[in-house]
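Protein chains: 2
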Amino acid sequence: MKLSKLVGDRFKERPTDCVVDSHALMVRGGYIKLMANGIFSSYMPLKRITRKIEQIIREEMDAIDGQEVQFPVVMPASIWQESGRYESIGAEMARFQDRSGSPLVLGMTHEEAAVHLVRDYAKSYAKYPFMVYQIQTKFRDEARPRAGLIRVREFTMKDAYSFHTSQEDLEEYYARCHKAYERIYTRVGVPEVISVASDSGMMGGSVSHEFMLLTPIGEDSIAICGECGYSANMEAAECILEKTEHVSAELTKVHTPDMHTIEEVCGFLGSSPDKSCKAVVYQRNKDDSYVILFIRGDLEVNETKLTNHLGCEIHPAEITEESGIKAGFIGPVGLVDGVTVLYDRSLESASGLICGANETDYHYTGLDMARDAAGAEYHDFAKIRDGGICPHCGKPAIRISRGIEVGNIFQLGTKYTKSMDMTYTDQNGEIRYPIMGCYGIGVGRLAASVCEAHHDENGPIWPKAIAPWQVHLCAVRADQPEVKEAADRLCGELEAKGMEVIYDDREVSAGVMFSDADLLGVPLRAVVSPRNLKQGIVEITSRDKTLSEKAALEDAASVIESLFNTL
Amino acid sequence: MKLSKLVGDRFKERPTDCVVDSHALMVRGGYIKLMANGIFSSYMPLKRITRKIEQIIREEMDAIDGQEVQFPVVMPASIWQESGRYESIGAEMARFQDRSGSPLVLGMTHEEAAVHLVRDYAKSYAKYPFMVYQIQTKFRDEARPRAGLIRVREFTMKDAYSFHTSQEDLEEYYARCHKAYERIYTRVGVPEVISVASDSGMMGGSVSHEFMLLTPIGEDSIAICGECGYSANMEAAECILEKTEHVSAELTKVHTPDMHTIEEVCGFLGSSPDKSCKAVVYQRNKDDSYVILFIRGDLEVNETKLTNHLGCEIHPAEITEESGIKAGFIGPVGLVDGVTVLYDRSLESASGLICGANETDYHYTGLDMARDAAGAEYHDFAKIRDGGICPHCGKPAIRISRGIEVGNIFQLGTKYTKSMDMTYTDQNGEIRYPIMGCYGIGVGRLAASVCEAHHDENGPIWPKAIAPWQVHLCAVRADQPEVKEAADRLCGELEAKGMEVIYDDREVSAGVMFSDADLLGVPLRAVVSPRNLKQGIVEITSRDKTLSEKAALEDAASVIESLFNTL
Numbered sequence: 001m002k003l004s005k006l007v008g009d010r011f012k013e014r015p016t017d018c019v020v021d022s023h024a025l026m027v028r029g030g031y032i033k034l035m036a037n038g039i040f041s042s043y044m045p046l047k048r049i050t051r052k053i054e055q056i057i058r059e060e061m062d063a064i065d066g067q068e069v070q071f072p073v074v075m076p077a078s079i080w081q082e083s084g085r086y087e088s089i090g091a092e093m094a095r096f097q098d099r100s101g102s103p104l105v106l107g108m109t110h111e112e113a114a115v116h117l118v119r120d121y122a123k124s125y126a127k128y129p130f131m132v133y134q135i136q137t138k139f140r141d142e143a144r145p146r147a148g149l150i151r152v153r154e155f156t157m158k159d160a161y162s163f164h165t166s167q168e169d170l171e172e173y174y175a176r177c178h179k180a181y182e183r184i185y186t187r188v189g190v191p192e193v194i195s196v197a198s199d200s201g202m203m204g205g206s207v208s209h210e211f212m213l214l215t216p217i218g219e220d221s222i223a224i225c226g227e228c229g230y231s232a233n234m235e236a237a238e239c240i241l242e243k244t245e246h247v248s249a250e251l252t253k254v255h256t257p258d259m260h261t262i263e264e265v266c267g268f269l270g271s272s273p274d275k276s277c278k279a280v281v282y283q284r285n286k287d288d289s290y291v292i293l294f295i296r297g298d299l300e301v302n303e304t305k306l307t308n309h310l311g312c313e314i315h316p317a318e319i320t321e322e323s324g325i326k327a328g329f330i331g332p333v334g335l336v337d338g339v340t341v342l343y344d345r346s347l348e349s350a351s352g353l354i355c356g357a358n359e360t361d362y363h364y365t366g367l368d369m370a371r372d373a374a375g376a377e378y379h380d381f382a383k384i385r386d387g388g389i390c391p392h393c394g395k396p397a398i399r400i401s402r403g404i405e406v407g408n409i410f411q412l413g414t415k416y417t418k419s420m421d422m423t424y425t426d427q428n429g430e431i432r433y434p435i436m437g438c439y440g441i442g443v444g445r446l447a448a449s450v451c452e453a454h455h456d457e458n459g460p461i462w463p464k465a466i467a468p469w470q471v472h473l474c475a476v477r478a479d480q481p482e483v484k485e486a487a488d489r490l491c492g493e494l495e496a497k498g499m500e501v502i503y504d505d506r507e508v509s510a511g512v513m514f515s516d517a518d519l520l521g522v523p524l525r526a527v528v529s530p531r532n533l534k535q536g537i538v539e540i541t542s543r544d545k546t547l548s549e550k551a552a553l554e555d556a557a558s559v560i561e562s563l564f565n566t567l
Numbered sequence: 001m002k003l004s005k006l007v008g009d010r011f012k013e014r015p016t017d018c019v020v021d022s023h024a025l026m027v028r029g030g031y032i033k034l035m036a037n038g039i040f041s042s043y044m045p046l047k048r049i050t051r052k053i054e055q056i057i058r059e060e061m062d063a064i065d066g067q068e069v070q071f072p073v074v075m076p077a078s079i080w081q082e083s084g085r086y087e088s089i090g091a092e093m094a095r096f097q098d099r100s101g102s103p104l105v106l107g108m109t110h111e112e113a114a115v116h117l118v119r120d121y122a123k124s125y126a127k128y129p130f131m132v133y134q135i136q137t138k139f140r141d142e143a144r145p146r147a148g149l150i151r152v153r154e155f156t157m158k159d160a161y162s163f164h165t166s167q168e169d170l171e172e173y174y175a176r177c178h179k180a181y182e183r184i185y186t187r188v189g190v191p192e193v194i195s196v197a198s199d200s201g202m203m204g205g206s207v208s209h210e211f212m213l214l215t216p217i218g219e220d221s222i223a224i225c226g227e228c229g230y231s232a233n234m235e236a237a238e239c240i241l242e243k244t245e246h247v248s249a250e251l252t253k254v255h256t257p258d259m260h261t262i263e264e265v266c267g268f269l270g271s272s273p274d275k276s277c278k279a280v281v282y283q284r285n286k287d288d289s290y291v292i293l294f295i296r297g298d299l300e301v302n303e304t305k306l307t308n309h310l311g312c313e314i315h316p317a318e319i320t321e322e323s324g325i326k327a328g329f330i331g332p333v334g335l336v337d338g339v340t341v342l343y344d345r346s347l348e349s350a351s352g353l354i355c356g357a358n359e360t361d362y363h364y365t366g367l368d369m370a371r372d373a374a375g376a377e378y379h380d381f382a383k384i385r386d387g388g389i390c391p392h393c394g395k396p397a398i399r400i401s402r403g404i405e406v407g408n409i410f411q412l413g414t415k416y417t418k419s420m421d422m423t424y425t426d427q428n429g430e431i432r433y434p435i436m437g438c439y440g441i442g443v444g445r446l447a448a449s450v451c452e453a454h455h456d457e458n459g460p461i462w463p464k465a466i467a468p469w470q471v472h473l474c475a476v477r478a479d480q481p482e483v484k485e486a487a488d489r490l491c492g493e494l495e496a497k498g499m500e501v502i503y504d505d506r507e508v509s510a511g512v513m514f515s516d517a518d519l520l521g522v523p524l525r526a527v528v529s530p531r532n533l534k535q536g537i538v539e540i541t542s543r544d545k546t547l548s549e550k551a552a553l554e555d556a557a558s559v560i561e562s563l564f565n566t567l
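Chains A and B are the protein sequences, given in the same order.
Under the numbering used here, residues 1 to 567 are what the first sequence spells out, in order.
Under the numbering used here, residues 1 to 567 are what the second sequence spells out, in order.
Be a bit skeptical, because a hint or two may be false.
Pairs involving identical chains hold if they fit within one copy or between any two copies, as the list cannot separate such chains.
As the list claims (entries may be wrong) - Straight-line alpha carbon distances no greater than 25 Å define the calculated PhoX-like cross-link-like pairs of lysine-lysine that follow:
id, residue 1, residue 2
1, K5, K415
2, K415, K123
3, K2, K497
4, K484, K127
5, K5, K253
6, K5, K484
7, K12, K123
8, K550, K179
9, K47, K127
10, K2, K464
11, K47, K123
No lab work stands behind these hints: they were computed from the structure.
Since the structure is predicted, the reported quantities are computational estimates derived from the model, not experimental observations.
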């Protein structure tokens with residue numbers, strides 16, 4: 001492939017709208033073109049990268065007995081109504097009607113389609129277990145696409161669905177798939193990806209893991225224990241707190257004029273937020289009914305845990321006069337009726353607390369939960385903190401890191417097989433629901449994550465297994481016939497060896513050539529130039545700068561081939 | 001791959017809703033599963049076939065300097081508004097709004113996306129020519145999906161777009177692409193596909209070809225000259241007629257009570273339809289205004305030609321009283337005003353004709369077009385007929401055949417570059433519009449067409465290049481340890497040679513095994529059985545029944561490999 005004919009512009013200036021490096025480099029290198037918010041076209045270099053990633057994923061899925069199939073992008077609403085997700089999923093699912101008025105959706109995940117494909121087939125236990133997967137385009141109407149290919153609306157995903165007759169069998173397969181994922185990340189060049197326990201979100205099920213590439217630009221927060229290696233998405237990480245000593249004090253109303261925040265009140269009363277009971281108010285999306293969550297004043301609410309507990313979506317409340325709720329002065333004692341009240345575990349048997357008195361400009365001191373909020377039930381609604389206690393080993397060694405989720409695996413259980421009435425007959429002739437697992441990897445996001453992990457200021461440094469080409473051949477001063485001739489011949493020799501060559505024979509300066517080569521990030525660069533020709537050599541360097549060699553012109557193709565194999 | 005784990009049911013009975021063989025066999029063989037009208041999921045055997053077809057297409061597109069890219073499935077309405085097709089394309093384009101209310105469409109073709117991708121890049125003549133292509137899912141809301149994968153709503157397509165600075169360059173590339181298409185059809189196993197001149201339809205442009213697999217179940221009609229080899233889609237084929245002699249007669253009104261059709265009137269008056277002037281009435285879709293087309297009574301209207309001439313969509317008219325049009329008695333003389341009147345070339349200088357008198361129960365005889373419809377303009381609106389005159393060699397040797405369109409190529413001209421303002425600077429510094437070509441192949445339809453061309457009553461006979469597997473290994477009486485052991489070993493040996501094996505070691509009868517093998521249509525079948533083992537042999541047969549061999553068990557893998565290579 002001649003670079004002079006490669007469609008796409010390369011340039012030096014970082015586009016101002018690019019917040020993360022992979023986005024900037026993919027725009028600067030002619031990899032992607034924005035068509036609409038969160039919707040991109042891919043130029044040839046990215047397409048070559050994603051095809052290689054897809055092939056690696058395909059091989060690893062086949063190696064764990066996956067069967068490649070294809071589900072539709074456009075699906076009838078009916079199968080989503082069967083599972084109940086046509087109602088439970090919000091605006092992120094694109095919906096439309098066909099010419100006859102039938103409701104259709106765009107697939108953002110394919111559990112329903114997988115059950116639809118196999119439920120007539122897998123009626124006997126003897127057919128199990130099995131796994132089907134596809135690599136296909138999906139559309140999810142994200143509210144906030146960002147960071148180039150990291151969070152988009154249209155994306156290509158490998159999604160796999162396994163079906164089992166026992167939880168043990170699912171767990172065994174889940175572990176095999178976990179290992180396959182590790183091999184995938186290693187093969188595409190990011191062996192540093194870690195798996196963390198995660199929240200299952202809208203997928204249903206209980207056990208799930210996310211595969212995270214740790215990077216400051218990641219949008220997920222991950223709790224990792226420095227002692228035992230425990231790791232979990234902050235959304236899922238249990239918040240463990242040390243018990244505090246009991247303080248005997250009377251519940252006493254105090255005047256706290258115009259003090260609305262915990263910090264103001266605690267400052268005024270000479271206390272600290274961890275000695276207070278904070279109220280955080282939400283409303284359910286479906287009917288705007290109020291949910292008041294009490295939590296220790298120094299902690300933050302983990303809204304994922306709260307949503308899971310409630311089983312519905314919520315948003316921060318706008319408190320009206322009519323509600324009777326006294327914003328800024330809310331407490332567990334004397335609260336209005338008709339609202340849902342929840343208590344975080346941080347308050348369990350806590351005492352000596354400051355809290356609102358449900359009366360404007362008044363708080364209580366001396367709140368004793370066991371005494372003043374008798375009968376309260378406590379659940380874990382708090383965010384784990386940096387320096388917090390590890391739920392696994394109990395040591396205060398939790399560190400919070402940021403990461404990009406580059407894959408996820410779920411033990412789904414029978415959520416979809418039950419709702420969609422997929423059954424099989426077991427050995428004893430009894431009708432049962434199969435147990436499912438599902439396993440996803442976003443291909444474009446993975447490509448961007450590899451770029452995020454492996455780049456310098458001049459461009460991506462693509463790992464050899466997924467690089468768009470293997471050798472970037474530069475003919476410096478291609479206007480000189482001997483340069484052109486030597487480079488043409490070398491290009492031919494490399495291609496005859498089956499190597500993938502991007503060949504720059506443009507009549508441009510060496511500087512332009514090399515900065516373009518940096519942006520394409522090809523593992524090896526070979527330079528034919530008048531100076532090199534005088535010495536009868538070709539200069540060979542690696543994109544990651546670990547390697548710089550000279551080879552005799554006549555041996556150059558062989559040398560390049562063996563250098564590439566050692567990368 | 002073990003057949004016992006292959007997801008999908010195979011069965012004998014032809015489904016009653018399957019009109020064509022490829023549809024019936026793909027359902028019976030566990031290739032496809034219907035999810036909604038015109039929307040299918042693919043099981044593994046079909047996915048393996050389509051991936052092989054895609055790879056052949058990819059190699060041939062790369063061989064003519066194509067650059068694989070990817071366009072979005074979901075596109076903003078804005079780029080379709082630029083080209084004008086957001087308005088001109090009807091209900092077949094799926095439209096919806098995103099969460100912010102922005103209008104989006106699903107791609108049914110990607111000319112707009114191609115121009116969007118390259119228009120900032122290709123600003124100088126030096127960048128031309130180039131071609132970009134993708135293999136991607138498309139959605140077209142067909143009014144009448146039919147025949148399994150032959151006409152669907154969601155499909156995978158290879159679509160390519162080339163850009164040129166001169167018509168000559170486009171034509172040269174168009175010819176290269178034509179040859180690449182011929183290689184593709186040959187490689188996937190249907191060298192019998194022919195190319196025919198076609199109508200460009202909504203794509204714009206003038207010159208275009210369709211690639212047709214001739215088969216009685218095809219939905220296209222193709223005119224082929226038995227003398228000179230001329231071929232064209234009936235939609236595009238020019239209708240040539242011999243001139244008739246002039247007849248001198250007076251225009252005479254005659255009473256023709258209750259005779260509405262040409263046949264009735266001609267019978268009553270002792271004439272024949274080719275001596276009549278028939279009126280066919282349409283209404284424009286956009287405003288229901290009337291279009292009256294006069295054509296010789298023995299000919300049929302080619303509505304594609306009529307639509308192209310009018311530049312808008314039409315439908316057969318429902319004639320109201322108020323219109324003043326006398327249905328059944330319409331003629332060129334004394335017709336109401338305010339309607340569009342068109343004349344087919346078959347009437348040019350015709351005379352002695354019967355026609356309606358625009359008065360209920362009256363016709364004229366003796367119509368002389370030159371005299372009575374002076375000033376009429378004549379265009380070609382007629383359908384070419386079986387036995388008709390070849391527009392190329394002039395001989396009456398036209399035969400009408402039916403075919404499936406398995407690809408098409410278009411010379412688009414500047415329709416999209418002009419409307420979307422894509423320009424480049426030529427050698428002389430002048431701003432010009434590039435000239436485009438586009439080139440499509442539907443992957444699933446091609447797979448179904450190959451099946452249609454190559455099958456017997458028991459199943460598809462897949463050509464070796466696209467067969468889902470290469471060898472179908474049957475272990476008959478796999479319950480006998482020596483059979484199982486020999487078959488397992490042979491399977492291992494074949495796989496070690498890199499052959500793709502589907503291995504049936506189920507404990508089912510030979511009859512069930514062989515009918516499943518027929519449905520999977522794999523080129524070679526190898527049978528290990530107690531009887532064969534006694535003789536120390538493996539039976540090898542080809543799916544197309546041209547080959548039946550016995551190989552010594554120890555040589556079987558090598559024999560199978562070399563037999564496969566000779567197929």
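Hints, one by one, checked against the model:
1. For a Cα distance limit of 25 Å, the shortest separation of K5 from K415 across copies, 24 Å, qualifies, whereas the shortest one inside one copy, 52 Å, does not.
2. For a Cα distance limit of 25 Å, the shortest separation of K415 from K123 inside one copy, 18 Å, qualifies, whereas the shortest one across copies, 55 Å, does not.
3. Proximity of K2 and K497 under a CA criterion of 25 Å is satisfied intra-copy only: 17 Å inside one chain copy versus 36 Å between copies.
4. Taking CA atoms no more than 25 Å apart as the test, K484 paired with K127 passes between copies only; the shortest distance there is 20 Å, against 62 Å inside one copy.
5. Proximity of K5 and K253 under a CA criterion of 25 Å is satisfied in neither setting, with 79 Å inside one chain copy and 71 Å between copies.
6. For the homomeric pair K5 and K484, the shortest alpha-carbon distance inside one copy (17 Å) is at most 25 Å, but the shortest distance between copies (56 Å) is not.
7. In this homomeric assembly, K12 and K123 come within 25 Å of each other (Cα to Cα) only across copies, at 19 Å, whereas the closest approach inside a single copy is 59 Å.
8. Proximity of K550 and K179 under a CA criterion of 25 Å is satisfied in neither setting, with 40 Å inside one chain copy and 43 Å between copies.
9. Only between protomers do K47 and K127 lie at most 25 Å apart by alpha-carbon distance; the minimum there is 20 Å, versus 37 Å within a single protomer.
10. With identical chains, the CA atoms of K2 and K464 are at most 25 Å apart within one copy only, with a shortest distance of 20 Å there and 34 Å across copies.
11. Proximity of K47 to K123 under the C-alpha cut-off of 25 Å is restricted to the inter-copy arrangement: shortest distance 23 Å between copies versus 40 Å within a copy.
The structure shown violates the earlier hints numbered 5, 8.
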